[in-house]
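Visitor: Protein sequences appear in the order of chains A, B and C.
Taking our numbering, the leading residue of the first sequence gets 2, the next gets one more, and so forth.
Taking our numbering, the leading residue of the second sequence gets 281, the next gets one more, and so forth.
Taking our numbering, the leading residue of the third sequence gets 1124, the next gets one more, and so forth.
It should be emphasised that the hints constitute simulated quantities derived from the structure, not laboratory data.
Just so you know, these numbers come straight off a predicted model, no measurement behind them.
Among the clues, some could well be false.
[Said to hold, decoys possible] Far from chain C, some chain A residues (derived; all Cβ distances over 10 Å):
id: 1; residue: R134
id: 2; residue: E187
id: 3; residue: E216
id: 4; residue: F218
id: 5; residue: L238
id: 6; residue: T350
id: 7; residue: S356
id: 8; residue: K419
[Claimed, not checked] Straight-line distance between alpha carbons at most 27 Å, and here's what the computed DSS-like set of lysine-lysine pairs gives:
id: 9; chain 1: A; residue 1: K334; chain 2: C; residue 2: K1357
id: 10; chain 1: A; residue 1: K160; chain 2: B; residue 2: K508
id: 11; chain 1: A; residue 1: K317; chain 2: C; residue 2: K1355
[Claimed, not checked] Interface residues of chain A toward chain C, partial, derived using beta-carbon atoms under 7 Å:
id: 12; residue: K231
id: 13; residue: F287
id: 14; residue: I337
id: 15; residue: Q351
id: 16; residue: G352
id: 17; residue: L357
id: 18; residue: M366
id: 19; residue: S372
id: 20; residue: G375
Each residue gets a CB set at the ideal place from its N, CA and C atoms; glycine is no exception.
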Amino acid sequence: MTDHNQSPALSSDLAPVLAVKDLTKDYPGVRAVDNVSFSIQSGTVHCLVGENGAGKSTLVKMLTGALQPTSGSMNVNGSQYEPTNPQDARDGGIATLFQELHVVDELTVLENLTLGMERSRFGFLIKSKLEDRVVQTLYAIEPSIDPSARVSTLSVAQKQIVEIARAASSGASVIIMDEPTAALSEREVERLFAVIRRLRDSAVTVVYISHKLEEIFQLGDAVTVLRDGKHIATKQLSDVDGRSELIEMMIGRSVFQDYSPRGKISDEKVLLAKGLTNSVLRDVSFHINRGEIVGFYGPVGAGKTEIARALFGADKVAGSIEFKGHPVGRSPKEAIAAGIALVPEERRTQGLFTSLSIRENVPVMNLRRLSNNGVFRASVEHDAAVDYVNRLNIATESIDKHTEKLSGGNQQKVVFAKCLFADADLLLLDEPTRGVDVGAKTEIYDIIRNLADEGNSVAIFSSELEEVLGICDRIFLLYAGSLEAEVTNGANVDAPHILNVVTGGHVGGVQ
Amino acid sequence: MAQSSDISQTSLSGGHQVAQFLKNYYIYFVLVGVVVLLSVANLDRYDLFERGNFLYDKNIINILRISAPLLTLAGAFTLLMVSGYIDLSVGSAMSLSAVIYAMLAINGVPFLPAFALTVLAGVGMGLINGFLVVRLKITPVIATLITLSLFKGIALLLVQDGVSAIKSGGGLKMPVWFNSYGREAVWLGLPMAFWIAVVVTIALVVAQNRSLLGKYAAATGGNPTAAKLSGINTSKVVIWLYVLVGVSAALAGIARSSFMSLGDPLSGDGMELSAILVVLIGGTAFSGGEGRVLRSFIGALIIMALTIGMLTLVPAYYQTLVIGAALLAAAASNHLVSRKETAS
Amino acid sequence: MTVTANIGRSLSDDRRKMSDEAFITLLVASVAVGLFLFASLLVPNFFQLLNMLNLVTNNWAVISLGIGVSFLLVSGNFDLSVGGIVALSGVLSVWFAQATGGANALSTGLGLPYWLAITCALGGALAIGALNALFVVKFRIPSIIVTLGTMMLARGIAQVVTQGSQRNTNLPDEFGVLGNMTMFDTSVKLPVAFMLILLLIAIFIERKTVFGRLTYWIGANPIAASLSGIDKEKHVTYLYLFSSLIAGIVGILLASEFKSGYSNRGTLMEFDALVIALLGGVAIAGGFGSVVGMFFGAVILAIVTSAATGMVLSPDWQYILKAIAVFLAIVTQTWALARRNR
């Protein structure tokens, strides 16, 4: 694999439209992007792949001006490029299609296409060539969308195309697309690909980020692989020897050594889920044993969060969920009472009361323990906070510190403390270590193992292969809302196979 | 719409089309319904109407004259709500404008300068609201409650102790032109104040459809992030809209004081509720982005016809109840409509 | 297990740094004291024990309403309907208690016994509260618009019942008792005692009960509250019902005090209740504020308005003074918190 390293910029007669050199981004304690250099040729579809945490999103944020690099440089069309906000990026010719759409539903397609670029006289809009141009651009990439239609009447796929057309007509030379197919049906994906190819033919460069490797082979001209913040390779896709080579480059070798089998796990099934189905999930069935750590692994949009929320009763879902023989899944309140707790995906907006102190955050999920005929037992609250701050090693000088002032890792530990105080027998952890520094990560893994050793069950919903391979006993592999396979973790676990499954190398149903 | 689109488009089913049509045009049916209802009712009991029939031209003229302030206000208020903001101070701004205008007039300032200075005061009031909301980042509801109290207090202080309003007396006399602006027919039997309301509304309809401000108001209310990413200065948009509302409130105050022939510091009380009601009846969503100036204008006509028509059917003390109930009903029906849309 | 590393750390006694809430409450209380001393310098005869007491007792109605309004604000919701409910319950209690067969429509009531009359009047108040909850919780319509609507609805019903004026004749003797009764051989009237007891209960609920803490959790982060198993719909419904119940009692006491049901009673009380809560540091964003702060907010407002009266300012000044006070309160509290948390 070493022979992929540091492959020089591709020889080509075209000048690179975008080049990054020695780009580095440091966070406190972490180097998210490490000395990355590569270049992208004009008029190509350039794919960017890597495991979660490989540095893709940090790289994209630097390209769009949301983050500034610690060191290194970027070049667009041969000139220095130092964006400090999205506007700079647009002016520099780089547009981005984010996962959440930035179109105004209440305006028409045409009004959206010209938004912010209008010609006006005395504040009134005037007809200009701009309209003709954007309509032509839209027609060229997708003739079926009516420019006078209200955007609210369009499908997600069509809205995406409107955004792409806006980027193209604003003169962007590079359009970055971050997982654009996560919410699309297969037919819509094909349609989008046609649009992307037409863009490429009109000399627009597309930087395409996806976990779905078959898309990359269908669409891409070149691919850049990142791993652990480092640049592994940039290659023409025609020179790539199939999925296996890409997967090898993405995984490397070093990562899954810390899993040590945890002895015999009880085969008492505590949770049984059958046929979970909603707008994302497709007939998902599985069970979780007592004292077991299971992982749900798959890329963004595969249905991890949906399963977690369904088990917790936060979203309605068809199918049945039984916990310790009783049906659950109707409301979070019911789930908590039954002994299920959730550490949600978005810590700050869904998990924590950031304007309240650690002390006030900890007891929220177990009012019964807190209440003495409705009166608040301050000593219980106080003792619990002190206890968990110590047990989980939360770095704070006081339990009265506001949680918004804690670091990400310590905030996450407070969310854990909430769930632990709830005396849950099954913990659902949605991306438990996202945005958490390495030290806290290790501590969180220790907490999880201890919980499982004490007989609790844990379900981890993660898009990090290293995480699920490092800690889970059993791993469910998800792709596009269905449970594709189940893998028992161990010394001889087949990581490339796992990556193959979750990137769309279909392997039939659940074993 | 797209023919033979391969991309799955939210197909407009027959039922959905009917719903969409109703949503866009129901307000005109309501207006017709109200007019019919009032035409068959016996309106003799109230001296506002000269003769029994609602459709008798003098009665219509009467209603339209009284409606001028609300009609003036509806458009700008709609645009502000479309951008996702609210102004609870419009009633007080209207009162203060009425007092300022009457004071200027009674002290011998001619019509045009008095008119212009009052409008300028409206600009100032709008700027204060915009400043509190945009620069000091005070929540719109609270910021405009503060100015509600402030404008009302100033209006009350401008009127001498022991006098309820600025009016002729004590050696000062209202000029003759003061009253004619709001009452005297200039065209089709209707006074200047009404035609100003019409002109303001036309201007705002054009602005909503054809100006940067109208488009940016929709973008600011519909998707603020997208608006900012497109390089739109949403702060500036919001300040402009508050100024527009301030100016409309000033014009409404002029119309009201001219119609009543006095500068009453309480004349705008409750106007913020009527404005919200009118905008809700016009189908503007709370969440911003949606809403049409013209529909709110029609909504204002409905509310005025109803309240005045109602005065002839039931005693005046039913008015608060009916407006409150109408506000809740309009809010609930907006909710039901928007829920149906998200469901489909 | 490595995570039990530093059990020895002492965290328990670290209360020296007071919470932001206590800080703001203290700030508000100091402003109230400062303002009182300042007003005493300016206004003759201001510095008197009786005057101090009057500042509070004269405002028993608004302070009582402020309790319900503050709890709702802490949970992230407005309640502007309380003034209307005051009018409604007062008018209803009169109408229900008036004897049948009066000389005209306004002196003819339903002739219910007094206890039944006030129970039914409270039922009317609670109905408005239920309506608030229905629209805010179930229909998810912004609470500001809902409660403006119910404010008019409640007052509108009161106006219809009184035909736009008032009902004050043909009432049983016991009607005037509650509002004028003095307590424990002192000059403290029942309504003032009601306010004091209510304050104590509210402080107890806020500080010492799970219910109080639920209010903060819901206001601080409604999404996290739901995902933590809190039934926020139910809780906000309770808060609206409690607020309307308090307003209903206030309305009945006022009607009893004046022996009349007046449809314009309580006008602008909803704004004053909001104003004192804001002055007292209750944040409209939710999750922050205290009843004690609201109480001192009421004291500040009372000092400002009565000092203005003492300085022979026209009563019209009160609107401007309120506007300035709220403005300064919001700006300084934001500034002080930002500085403190820098």
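Visitor: Now look at each hint and say whether the structure bears it out.
Guide: Structure-based check of each hint:
Residue placement check: R134 of chain A keeps its beta carbon more than 10 Å from all beta carbons of chain C (closest about 41 Å). With a least beta-carbon separation of about 33 Å from chain C, E187 of chain A lies farther than 10 Å from that chain, consistent with its non-interface assignment. Listed as a non-interface residue, E216 of chain A keeps its Cβ farther than 10 Å from every Cβ of chain C; the least gap is roughly 33 Å. Once the 10 Å rule is applied to beta carbons, F218 of chain A is consistent with being away from chain C; the minimum gap is 39 Å.
No Cβ of chain C comes within 10 Å of the Cβ of L238 of chain A; the nearest lies about 42 Å off, and the non-interface call holds. Not every CB of chain C lies more than 10 Å from the CB of T350 of chain A, the least distance being 6 Å, so the non-interface label is violated. With a cut of 10 Å on Cβ distances, S356 of chain A falls inside the contact zone with chain C, its closest approach being about 5 Å. Against the 10 Å criterion, K419 of chain A falls within the reach of chain C, whose nearest CB is about 7 Å from its own CB.
Using a Cα cut-off of 27 Å, the hinted pair K334 of chain A and K1357 of chain C holds, with the two alpha carbons roughly 12 Å apart. Taken as a hint, the K160 of chain A and K508 of chain B pair is honoured in the structure, with Cα atoms around 18 Å apart against an allowance of 27 Å. A hinted pair counts as satisfied when its Cα atoms are at most 27 Å apart, and K317 of chain A with K1355 of chain C qualifies at roughly 18 Å. A cut of 7 Å between beta carbons decides the hint on K231 of chain A: the least distance to chain C is about 29 Å, and the hint is violated.
Checking F287 of chain A against chain C: minimum C-beta separation of about 22 Å lies over 7 Å; hint violated. Because the smallest distance between the Cβ of I337 of chain A and any Cβ of chain C comes to about 4 Å, under 7 Å, the interface hint for this residue holds. Checking Q351 of chain A against chain C: minimum C-beta separation of about 5 Å stays under 7 Å; hint holds. At a threshold of 7 Å, the smallest CB-CB gap from G352 of chain A to chain C is about 6 Å, leaving the interface hint in force.
The interface hint given for L357 of chain A is met, as the beta carbon of that residue sits about 5 Å from the closest beta carbon of chain C, less than 7 Å. At a threshold of 7 Å, the smallest CB-CB gap from M366 of chain A to chain C is about 5 Å, leaving the interface hint in force. Of the supplied interface hints, the one on S372 of chain A holds, with its beta-carbon coming within about 4 Å of a beta-carbon of chain C, less than 7 Å. With its C-beta approaching chain C no nearer than about 5 Å, G375 of chain A sits inside the 7 Å limit, and its interface hint holds.
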